[in-house]
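The chain contents come next:
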Amino acid sequence: MAKFQKKRGKSKPAISTASLPDIIFMLLFFFMMVTVLRDSDLKLQVNTPEATQLTKLEEKSLVNYIYVGRPTQQYAEVYGTSPRIQLGDKISTVEDIPLFLEQHKVKLPEAKRSRITSSLRVDGEVTMGIVQDVKTKLRKSGQLKINYSAGKRAKDLN
Amino acid sequence: MAKTNSRDRMSNEINAGSMADIAFLLLIFFLVTTTIAEDKGILVKLPPWSDEEPDITRLKERNVYSVLVNAQNQLLVREEPMRLANLRENAKEFISNPRRMENMAESPKNAIISLKNDRGTNYETYLAVYNELKGAYDELWDELSRKRYGEPYSEEMPYAQRKAIKSEIPMVLSEAEPTNFGEEK
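Chains as they are written, first to last, in numbering that gives the first Met the number 0: chain A, 0 to 157; chain B, 0 to 184.
Isolated chain A, as found in the complex (with noise of 0.2 Å):
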């Protein structure tokens, strides 16, 4: 009985907290290397369509991000209903690409220019009209790589 009364008695230092900023910041820089900032809040409904024969886009960096789709309710009001492009964070005309493209171009290491790689982010239900006038004019501006973004579709056809 003594014996185990004494034991419960001594046991008592706290469990060392001293690594626990080490674990901490591991998670910290984890995440720090994996974040890329929210740049540009959207102003269009994009609700990209369904695809399956899909490619990673490697480095985030090297991407630049055109939206085509209709302004949300919020922006209805300013920008009217018919679909609309937007580059960063505002809604744009098709003669803003070129400058839009450069003004990304700049910010890059010359060696990884060629590289780039424009990522369209189109809604499903606008029609090709537009998308085809975005198409040419990037094929103007010489941006020939580019990716219709798309999620993953896990059922058949119809």
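Quick caveat, the hints were computed from the structure, so don't treat them as lab data.
Careful, some of the hints might be misleading.
Distance condition first, Cα-Cα at most 16 Å in a straight line; then the derived EDC-like pairs of lysine to aspartate or glutamate [to be verified]: (1) 139(A) - 52(B); (2) 42(A) - 88(A); (3) 151(A) - 155(B); (4) 55(A) - 155(B); (5) 134(A) - 155(B); (6) 144(A) - 57(A); (7) 136(A) - 176(B); (8) 39(B) - 58(A).
Just a sample of chain B residues kept apart from chain A, beta carbon distances all over 10 Å, derived [claimed, not checked]: (9) 30; (10) 44; (11) 101; (12) 118; (13) 121; (14) 133; (15) 165.
Don't be surprised by glycine CBs; every beta carbon is placed ideally from N, CA and C.
We have chain A; now place chain B onto it with these hints.
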């Protein structure tokens, strides 16, 4: 002597207890701003722009697989209506032509897919059609790769092998300037 004593007291450890709190704060900030969702999609290489009118090269009709999509999202494949679900199989058969049919591609190397849509076509339909055509090629590459190298076709394969497969079955997909009948105003 007393001075050194006080210095000894100074070099006591800094209390690191709040370090964890600071790290947590940063951690939560990055957790909130992170977008883990990665971007996937169909990679396409556009043809360079040229102001000149493209040369009209006469192609043998049997080598051309024409796909038309109208503003009502209906498909017309080689002059016949088709459902989207059948497109992939049909395209595969056309390209590989296993039964040596007279009206299908002479060889996969000669096969050309011509895609034309309307400005009023839904983007969703267009992408689905594109996806099926790309899928047809992906499956053919996969079959050839399994037959020749005993492994499925993937980007991790040696470059020479991928190149060999792609020169055997090159993907030629030409997109014509869309018609304009049904664009919304």
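- Task: Please write out, lowest number first, the hints stated earlier that are contradicted by the structure.
- Result: When the structure is compared with the hints, numbers 3, 5, 9, 10, 12, 13 and 14 turn out to be violated.
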